[in-house]
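Asks: Read off the chains here:
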Amino acid sequence: MKVKIKKWNAVASWRWDVPEDDVCGICRVQFDGTCPNCRFPGDDCPLLVGKCGHSFHLHCVNDWIQTESSRGLCPMCRQKFEFVAE
Amino acid sequence: MFHAKRLQKELSKIHQGLPPGIHLVAANDFQEWQMDIEVLDENPLYHGKTYRLNFKFSSNYPIEAPEVMFIRATDRDIPMHPHIYSNGVICLDLLSSGNGWSPVQSVESVCMSIQSMLTGNTKNERPEGDDQFVLRTNRSLRNIRFVYDDPTV
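In order, the protein sequences belong to chains A and B. Each residue of the first sequence is one higher than the last, beginning at 1 in UniProt numbering. Each residue of the second sequence is one higher than the last, beginning at 1 in UniProt numbering.
What you were told as hints is all true, and nothing was included just to trick you.
In silico lysine to aspartate or glutamate, DMTMM-like type, Cα no more than 20 Å apart, as pairs:
1. B:Lys-9 with A:Asp-22
2. B:Lys-5 with B:Glu-64
3. B:Lys-9 with A:Glu-20
4. B:Lys-5 with A:Asp-21
5. B:Lys-5 with A:Asp-32
6. A:Lys-80 with B:Glu-64
7. B:Lys-49 with B:Asp-75
8. A:Lys-51 with A:Glu-82
9. B:Lys-5 with B:Glu-108
10. B:Lys-5 with A:Asp-22
11. A:Lys-80 with A:Glu-68
12. B:Lys-13 with B:Glu-32
13. B:Lys-13 with A:Asp-21
14. B:Lys-13 with A:Glu-20
15. B:Lys-9 with A:Asp-21
16. B:Lys-56 with B:Asp-93
17. B:Lys-9 with A:Asp-32
18. A:Lys-51 with A:Asp-22
19. B:Lys-9 with B:Glu-108
20. B:Lys-49 with B:Asp-77
21. B:Lys-56 with B:Glu-32
22. B:Lys-13 with A:Asp-22
23. A:Lys-80 with B:Asp-93
24. B:Lys-123 with B:Glu-42
These aren't lab readings, by the way, just hints derived from the structure by calculation.
Full structure from sequences and hints, please.
Replies: Written out as structure tokens, the structure reads:
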């Protein structure tokens, strides 16, 4: 019997490359979920990995860094928060 | 919105269990919570006593620090400590936006810090200028700017 493929659909899944149950320290939502203000995970609500090794939702850490009281420091280790350019 | 979702997460975790000596008293909304803390070692200043903390959250929590102070209630007094005023105001850098506060802190971590601040204390005294401070603290807590000059306590 010969089978002729007329049509096929591909399905892919993705995850951020972080431990599965890791949560963003600021909003406490899993990294695979969104920050509290977003609806769709992924490129619309990305993660930011600091040079110090600490990760947050971009939107969460941005809220913090924009405040004067943050003095630009990582919420976890209080080193200057600089992120790794991908 | 942000603060309600974050506090809901904290509440679920609190319902799963808290560290020894820390108890949830009331969390009826996302504006104000009360927590009880006990000092667990044999420190004679606090032995057998329980103290009550009041947390006030702004809609910008946890980017902004909560207002945290001791409050009086039945069987709940204000603990004696050289950094705790007799009206319950606590002078602690991590409670101050712009000093030690960080948005990865939580109600639980703040309670643990205050618990250890009591555990390590041996001085049965109030801060210098307590009387005057209490008299003029009709202002909002947020307007108080402490100078953190004592790294030893």
